[in-house]
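Q: Protein sequence lines correspond, in order, to chains A and D. Counting along the first sequence from 1, when you hit position 73 you're at 73 in the numbering used here, and nothing is skipped either side. All you need for the numbering used here is the position in the second sequence, starting with 1, plus 309.
Just so you know, these hints were derived from the structure itself, not from any lab. Any given hint could be a false lead.
[Claimed, not checked] Simulated crosslink set (BS3-like; lysine-lysine; CA at most 30 Å straight-line):
id, chain 1, residue 1, chain 2, residue 2
1, A, Lys152, A, Lys266
2, A, Lys45, D, Lys319
3, A, Lys263, A, Lys152
4, A, Lys229, A, Lys40
5, A, Lys40, A, Lys251
6, A, Lys263, A, Lys29
7, A, Lys151, D, Lys342
8, A, Lys251, A, Lys47
9, A, Lys261, A, Lys273
10, A, Lys61, A, Lys30
11, A, Lys45, A, Lys288
12, A, Lys61, D, Lys390
13, D, Lys364, A, Lys61
14, A, Lys179, A, Lys40
15, D, Lys342, A, Lys152
16, D, Lys319, A, Lys47
17, A, Lys304, A, Lys263
18, D, Lys415, D, Lys390
19, A, Lys263, A, Lys296
20, A, Lys179, D, Lys364
21, A, Lys263, A, Lys30
[Claimed, not checked] Sample of chain A residues facing chain D (criterion: CB under 8 Å; computed from the structure):
id, residue
22, Gly68
23, Gly72
24, Glu76
25, Tyr83
26, Glu85
27, Gly88
28, Gly89
29, Ala92
30, Arg96
31, Ser133
32, Tyr137
33, Asn148
34, Ala150
35, Lys152
36, Leu156
37, Pro157
Quick reminder that beta carbons are idealized off the backbone N, C-alpha and C, glycines included.
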Amino acid sequence: MADDLYSVLGVARNVSAGDIAKAYRKLAKKLHPDLNPGDKAAEAKFKQITAAYDILGDAEKRRRYDLGEIDGSGQERPQQRYYREYAGGEDAARYRSTAGYEDLGSFSDLFGDLFGKEAGTAGGGRRFSMRGSDAQYRLQIDFLEAVNGAKKRITLPDGGTLDVTIPAGVAEGQVMRLKGKGMPGRGEGGPGDALVEILVSPHPVFAREGDDIVVEVPITFDEAVLGGKIEVPTIGGRVFATVPPGSSTGKTLRLKGRGIKGKGGKQGDQLVKLTVVLPERIDEDLKKLAEEWRDKHGYDPRRKLREQA
Amino acid sequence: MLSERDIIAKIQHLTVTRLRVWVQQGWIRPVAKAEEAFTEADMARAALIRDLEDKLGFDEEQVPVLLSLIDQIHGLRVELKTILEVLDDLPEDVHAMVKLRIEESKRAR
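The following block holds chain A by itself, in its conformation from the complex (with noise of 0.2 Å):
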């Protein structure tokens, strides 16, 4: 199911037209793809705000939405299923009733058997013996609980508890199967399982690809010039990387070994992405050493996007 448009863009659903062409635009400016180069998870989200832009962006559209016409995706919503299209069917046996034959069995022996029982229900028909079925469950856990694994419990709606295991390094959407823990069977059939998907909590500094954790983290003006030792957190701890020098936003250090030990005892990486901050307040000397510099070795980083487009 498409999620509710409103909280992708992160707005209220009683905005005005411009508050959620602002809230797009400010997710838009962060998430471009074109200003996050080889980030999939931006691309994605970016497809996802545009989507729900394009609905919440057009008054009529808007209107519709919020109305239930029309799904997140724009897709017309399907008319009313009648409980008749169902009520015959496998899936509704359990609302229909055949009590209250006595009157009609009692022409034949033969054709009284037959009518008014249900297989397996209490007053006749033949035991029958059924596997229970299976149960399924969401839990959500944290970031650094699926990377390092975790000990859970569920309190499930009956008030009774159910204990998972969660092995290190599970991903989003991994179910994980509990033998025995469903419903209870009929007869001689056993339990069915407790199947219970994981889901994960995002972490304001981590993020996962994969095996590998990537982590976003500032540096100096002179750092990225000069080069040189920066303290880096890891989901092992804080630790020291190098910063060559020369290095631009969007350049990549890979910290092996530092990420998720995947399947197989294979172990991820983590990758760090540089991002060149200036300070906040651009001095007297500062900026006399750019127009200096300016002067004698003006540079073209754009010539290729000139070339390309």
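Go by the hints and put chain D onto chain A.
A: Same frame as chain A, now just chain D:
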């Protein structure tokens, strides 16, 4: 399987509270106690109850009576269908005999 939220999102004027009351009353009987325990049939049934209450104006005393009658009709329909399917598989001369007997029986009434 569908969750409460899926059902509420698809059926207008349905709230969590209303759906839970219907489940509590036994008008809707999810197959499991899990979070995602509803089927397409449950969703259509919820839409039916919503129509009975909102569009047709039946109250909560009347709805279970209607549901019980509807469930009995569908129970009968399925059993009738079973009989017809079985008859259909039997040889031609049996068809003819059954037809004849049904007509006789109706005339006798």
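Q: Now, for every hint given, state plainly whether the structure supports it.
A: Here is how each hint holds up against the structure:
1. Lys152/A x Lys266/A: The given pair, whose Cα atoms are some 25 Å apart, holds under the 30 Å limit.
2. Lys45/A x Lys319/D: holds, 25 Å
3. Lys263/A x Lys152/A: holds, 21 Å
4. Lys229/A x Lys40/A: Cα-Cα ~28 Å, so holds.
5. Lys40/A x Lys251/A: holds, 16 Å
6. Lys263/A x Lys29/A: It is violated: about 36 Å lies between the C-alpha atoms, which goes past 30 Å.
7. Lys151/A x Lys342/D: holds, 23 Å
8. Lys251/A x Lys47/A: holds, 24 Å
9. Lys261/A x Lys273/A: holds, 21 Å
10. Lys61/A x Lys30/A: Holds, at roughly 25 Å.
11. Lys45/A x Lys288/A: Not OK: lysine 45/A and lysine 288/A at ~40 Å, beyond 30 Å, violated.
12. Lys61/A x Lys390/D: violated, 46 Å
13. Lys364/D x Lys61/A: holds, 27 Å
14. Lys179/A x Lys40/A: violated, 36 Å
15. Lys342/D x Lys152/A: holds, 20 Å
16. Lys319/D x Lys47/A: The given pair, whose Cα atoms are some 25 Å apart, holds under the 30 Å limit.
17. Lys304/A x Lys263/A: Between lysine 304/A and lysine 263/A the Cα gap is close to 41 Å, so the pair fails against 30 Å, i.e. violated.
18. Lys415/D x Lys390/D: holds, 20 Å
19. Lys263/A x Lys296/A: Violated - the C-alpha atoms of lysine 296/A and lysine 263/A are around 54 Å apart, more than 30 Å.
20. Lys179/A x Lys364/D: violated, 45 Å
21. Lys263/A x Lys30/A: Since the Cα atoms of lysine 263/A and lysine 30/A sit roughly 33 Å apart, the hinted pair is violated (cutoff 30 Å).
22. Gly68: holds, 6 Å
23. Gly72: This hint is violated: glycine 72/A lies away from chain D, its Cβ roughly 10 Å from the closest one there, beyond 8 Å.
24. Glu76: violated, 13 Å
25. Tyr83: holds, 4 Å
26. Glu85: holds, 7 Å
27. Gly88: holds, 6 Å
28. Gly89: At 7 Å from the nearest chain D Cβ, glycine 89/A passes the 8 Å test, so the hint holds.
29. Ala92: Cβ of alanine 92/A sits 4 Å from chain D, so the hint holds.
30. Arg96: Status holds, d = 4 Å.
31. Ser133: Cβ of serine 133/A sits 6 Å from chain D, so the hint holds.
32. Tyr137: holds, 6 Å
33. Asn148: violated, 26 Å
34. Ala150: violated, 20 Å
35. Lys152: Where the cut-off is 8 Å and the nearest Cβ of chain D is about 15 Å from lysine 152/A, the hint is violated.
36. Leu156: holds, 7 Å
37. Pro157: Given a least distance of 5 Å, the restraint on proline 157/A holds.
Hint compliance for this structure: hints 6, 11, 12, 14, 17, 19, 20, 21, 23, 24, 33, 34 and 35 are not met, and every other hint is.
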